[in-house]
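Asker: So the chains spell out like this:
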Amino acid sequence: MRRHRRVGLLATLAALALFGSACGTSSNNNGNQPAIGGTLTIDNESGALWQCDFNPYNGSVNGQSFGVLYEPLVYDNLLNDKKTNWLASDYTWSSDSKTLTFTIRSGVKWTDGQPFSADDVVFSFNLIKQHSELDLQSVWQVLDSVTKDSSGKVVMTFKQSAVPNFYQIAGQTAIVPQHIWSAFKDPVSQVVKDPVGTGPFTMSQCTGQNITFTRNPNYWQTGLPRLQTVTYPAFLDNDPANAFLATGQAQWGGQFIPNIDTYYVARDPQNNKYWFPPINNINIWFNTTIAPFNNKAVRQAIAYSIDRDSVSKKGEYGYEPPGNQTGVLSPTFDSWIDKAQADKYGYKFDPTKAAALLQQAGYTKGSSGIYQDASGKKLSFTIIDIAGYTDWVASVQVIQDNLKQVGIELKAQNLESNAYFDKLFTGNFQLAYGSLDTSPGPTPYYELRNTLHSGTTAAIGQTAAGDYGRYKNPAVDTLFDQFGATTDSAKQHDLIKQVEAIMLEDVPVIPVTEGVAWYQYSTKDFAGWPTPADPYAAPAPWNLPDWEVTLLHVYKKS
Amino acid sequence: MSYIARRLEFFVITVWAALTINFILPRIMPGNPGQAMLVRFHGRVSPQTIKALEVAFGINNNESIFQQYFEYLGNTLRGDFGTSLTFFPAPVGDIVKQGLPWTLGLVGMATIIAFALGTLIGMLSAWRRGGFLDAILPPAFIVISAFPYFWLGLLVLLVFAITLGWFPLGFAYDLSSSINLSWDFAGQVAWHGFLPALTIVITSIGGWILTMRNTMITTLAEDYVKMARAKGLSPVRIMFMYAGRNAILPNLTGFAMSLGFVISGAILVEIVFNYPGVGFTLLQAVHSEDFALMQTLFLLITIAVLVAVLAADFLTAWLDPRTREQA
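So the protein lines, in turn, are chains A and B. Straight run, no breaks: the first sequence in our numbering ends on number 1261. Straight run, no breaks: the second sequence in our numbering ends on number 323.
For reference, chain A alone in the conformation it holds in the complex (with noise of 0.2 Å):
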C-alpha cells in the first residue's frame, strides 16, 4: 500500500505546541475481564473526505471496508505469514499444488441477517473474474477455477504451481454478499453505501468527515469484538492528523510525525508509543534497457556510492531502517538473509571500490570530478522522485550528495504524483526513487518477485505491474518459478537465498531504505495493541485486512 508522507507546511511550527505539559494521569489496573466498550478514534491522514463507498474492491476505497467489514477466507500475517482460518475453516493443497480447496465456516451470518455460504466464495472470485478492474491482487493470472463441489467445499483450480499466491486469494480477497452484489448492474462503478459484511463491526454511519463503525453483536467469533465504536475521521492533511492524535483525541495512529520522540511521546510518556516495523523496500530503479545501467559494473559502482545509514539519518529522521542488497527486509524477514554472501560483498559507502569498479568498466574521471566514458559522454542521471513525498526528496538529496563525492552527476526531478506513476510503470525514466506499488506479501518472496520477475514487467511505454527497471533474467525467473511450486519452507529458504546471490552481484535494484509501517498508540484507555513482542498482525491502520485483527485484540481498560 502506497503511503502519503508529507510534512505539512510548518510541521516545525506546529512542533513547538510542546511546550504544552504532558497531561493527565491514569488509573493503571489492568481490567482482568475486558467488558464491551469503548469508542476508539483512528488517525490516519487520508487526504481526501471519505466518498462513503464500501467497495471492497476498489483500490481507493477499500480501506475503509476490507477487514472490518467484509473478510478473507484466511488471515495471514503480513509479518511473520503465521496464518489463522478466518471465513475458511481449513484448507487443503493437492500433491502437485495446483488444487485448493477450502472448507467454508459454517454458522456465519451477514449482517442483514443472511446465511454465509460456499456460494458466496464462489459468487466473490468469479464477480472479480468477470470485471478485472475489480481484481486489485491480479489472481486470476494464476487461478483457473473456482467452483463449489458436492461436499460444499470451495474448489480453486490453478494454471501452474501457485503457492505462494494464497496470500492474495485467501488473505487479501473480500468476500461479498452475493445475494445482494448479484443486483448491481455495473459492480465496477456502483458505489456501495450500505455495506453489508461478515466482519466484526457495521457502518453506522458516514460523512465525508467521519465514518463510525458499531459492534456487530452476532459476529461469528463469540464476544468479539470488544470494542463497541471505532470513530474513524478523514484527514486532509498531516498537520491536523498529528495533532489529533498529540492531543489524545485520537488513540491509534498510522501517521508520520516528524519528531516523534518530542511531538508524540513526550505529551505522555507513560502511554504514548510507537513501533514502525519494516514492510517493503524503497529503491533506486535503474532503467536497466538503456546505457550505462545495462552495465552490471555501473550498477555496483551506484550500489557501493550511497551511504544507506545517512540516508536513514538524514532523509527519514531514522525512523525507515537502512536497507541492504538482498532485497530482504530487516529485521523483518532476518531469517531468510543470507548474512554471509552479504558480508562478501559489504555493500556500504565506500568510493574507493566504486572508482575502482568504474575505471575497470573504462570510465576516468573528466576536469569536473564527474567520469566520463572513452567517447566524452559523463556519467550524468536523472532521477525520478514524488515532489510530494518530503522524506523521499531529502532521502534524494542525501544520495545526489554521495554520488557527486564519487564522481558521478544525479539531477532529481520532483513530480507530481499521478505524473511520476506514469513515468515509473511506462518505464519512462532512468533513475527512478521508490517503492513498488503492489503490496507487499509475508514474506520476502512477494515483493522481490514484483522486483525482479519478468513475467510482471511490460515494454518500455507500457504499463508494467511489476519490475519497473525492465529487468531480465531467466535464471532468477526460474527460482520464483521454484518457489511457487513448493510448499517446503527450507527449500523456500535456499531459493530466497539463491535470489539474493543476484541481488548482490547483478544489483538490479539497490534498496536504500525500508518503508515502515507507521503505527502510534497510547495506552492510556485501551490494551491489547500489537507489539513487537506480540506482533499478531501488521499494525498501521491502513494494513488490511490486518486492522481488523488489531481491532478484535485492543479493548478498552476497565
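Honestly, I wouldn't trust all of these hints.
Examples of chain A residues lying across from chain B (beta carbon under 10 Å, computed) [what the hints assert, rightly or not]:
(1) D756
(2) V764
(3) V891
(4) Q908
(5) T910
(6) T950
(7) Q952
Derived from the structure by calculation, the hints contain no laboratory data. Glycine included, C-beta positions come from ideal geometry on N, C-alpha and C.
Here the structure of chain A is known, so what remains is to put chain B in place on it, guided by the hints.
Answerer: The following block gives chain B in isolation, referenced to the frame of chain A:
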C-alpha cells in the same frame, strides 16, 4: 426598469458563454481520463473496458461535437455533471454536494461578517478622522492582513485549540454526531467554525476598512453632506443615510465578487482546520486532472460570481437613484 432588463440580458449571455468555454476547455487540453484510469488500475483493465470508461467520461464517443455539446447543456441543466476520475465511481454531483454547504456556510458567513464589520469600522474611522479608532484599527488590520494565512491559522490553532484547548482542532461538527436540525448541532457547528471564521475575518477585514474609509472621506466633503449638516440632521443619520449610503456603492461590487468566490472555498483554511469543504476537493481535482470535477466547480464559481454581481447591480439600483434614471 430597462436598467434591470439590460443587466438580466447581460447575465444570460455571460452564463451561456461560461458554459460553452467550460465545454471547450477540457477538450483542447492534453491528457485523457481514460489513460489516467489505465495507470490507476495498473494495467489490469482490458482495452474494451477503457473504451467503456471513456464513453462514461464523455470522451471518445462517436457523437459529433455538436451532439456532445447539446447533451452537455442538457445534462448540466439537469444537474448531471458526470463521473469523477479522482473519486471514481462517485458522481461529481455527490462530491460537490458533500462539501459545498460547509464551504458556503463558513466562508460565506465569514465574508459577510468581514464586510459588515470592515465597512462599519471604515465608516466610523472616517467620521472621526484622526480619532482613537482611526489611529488604531485600520493600521492594525492592514498589517494583519499581510500575514501569510497558514502562519496565522496555525498560530491560532496552536494557542486556542492545542495549548488552551478552548476550541476543537478541526472538523465541522463533533465526530460523534450526525447532521440534524437541533440547537445542540447548531452549537457544535458554531463552535467548530469559530476559529476558521475568525482567521478569515481578521485576514480579510483590512481591505474593506481601507476602501470604505477612503471613499467615506471623499463623500464627507460632498455638498449634500454639508447640506445635511446645515439642515441640522442628527450625526448618526448623516453618517449612515447620507455619507455611508453613497460611500458603500463602489464596495458593493467588490463584495459581490468575493461572495461569488466563496464557492471556491478557502483551501488553506480547510487544510489547517481540517474543514470538510469544497476548496480542497478543487485542489485535488486540479492535481489529478479530474476534468469532470474541475469543470463543475469552475462552472459553479463562475455562475456564483455572475449571480452575486447581478444581485449587487440590483442593490445599486435601489441604493442609488441615478442608475435607475439612466437609459
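Asker: Compare the structure with each hint and give your call.
Answerer: Going through the hints against the structure:
1. D756: Hint on A:D756: holds, closest Cβ of chain B at ~6 Å, below 10 Å.
2. V764: holds, 9 Å
3. V891: At about 7 Å, which falls below the 10 Å cut-off, the nearest Cβ of chain B leaves the hint on A:V891 intact, so it holds.
4. Q908: holds, 6 Å
5. T910: Nearest chain B Cβ about 7 Å off; hint holds.
6. T950: With Cβ-Cβ at 6 Å, under 10 Å, it holds.
7. Q952: Interface hint status for A:Q952: holds (7 Å vs cutoff 10 Å).
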